[in-house]
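Student: Sequence:
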Amino acid sequence: MSETSGKPTVIPLEGTKNGVISVAKIKEPYGNDSATVASIGISLAGDAQNPEWKVHIPLANLNEVIAALQTIK
1 MSETSGKPTV IPLEGTKNGV ISVAKIKEPY GNDSATVASI GISLAGDAQN PEWKVHIPLA
61 NLNEVIAALQ TIK
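Letter by letter, the sequence shown follows residues 1 to 73 in the numbering used here.
Any given hint could turn out to be false.
[To be verified] With a straight-line Cα cutoff of 30 Å, these simulated DSS-like cross-link-like pairs (lysine-lysine) come out:
id	residue 1	residue 2
1	K7	K27
2	K17	K54
3	K27	K73
4	K25	K7
5	K54	K27
Rather than coming from a laboratory, the hints here were simulated on the basis of the structure.
Please put together the full structure from these sequences, using the hints given.
Tutor: And the structure:
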């Protein structure tokens with residue numbers, strides 16, 4: 001069973017009235033013994049708990065993804 005570690009960070013989504021970006025750490029997102037992931041969700045309705053779009057990034061890849069995002073900043 002998946003479990004969110006700590007309180008998710010919620011960021012207002014630029015260019016929307018109610019949209020949010022939610023960022024959380026999820027343990028065992030795909031069942032017992034599955035790897036912990038960083039979860040990034042987008043909700044145009046402002047519902048951080050039920051985003052319309054989401055991506056799970058394995059923690060082992062997180063530094064590479066952050067570096068790639070920094071290059072487009």
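Student: If a hint holds in the structure, say so; if it doesn't, say that too.
Tutor: Evaluated hints:
| no. | hint | verdict |
| --- | --- | --- |
| 1 | K7 with K27 | holds (13 Å) |
| 2 | K17 with K54 | holds (19 Å) |
| 3 | K27 with K73 | holds (29 Å) |
| 4 | K25 with K7 | holds (9 Å) |
| 5 | K54 with K27 | holds (16 Å) |
This entry satisfies every hint, going by the numbered hints stated previously.
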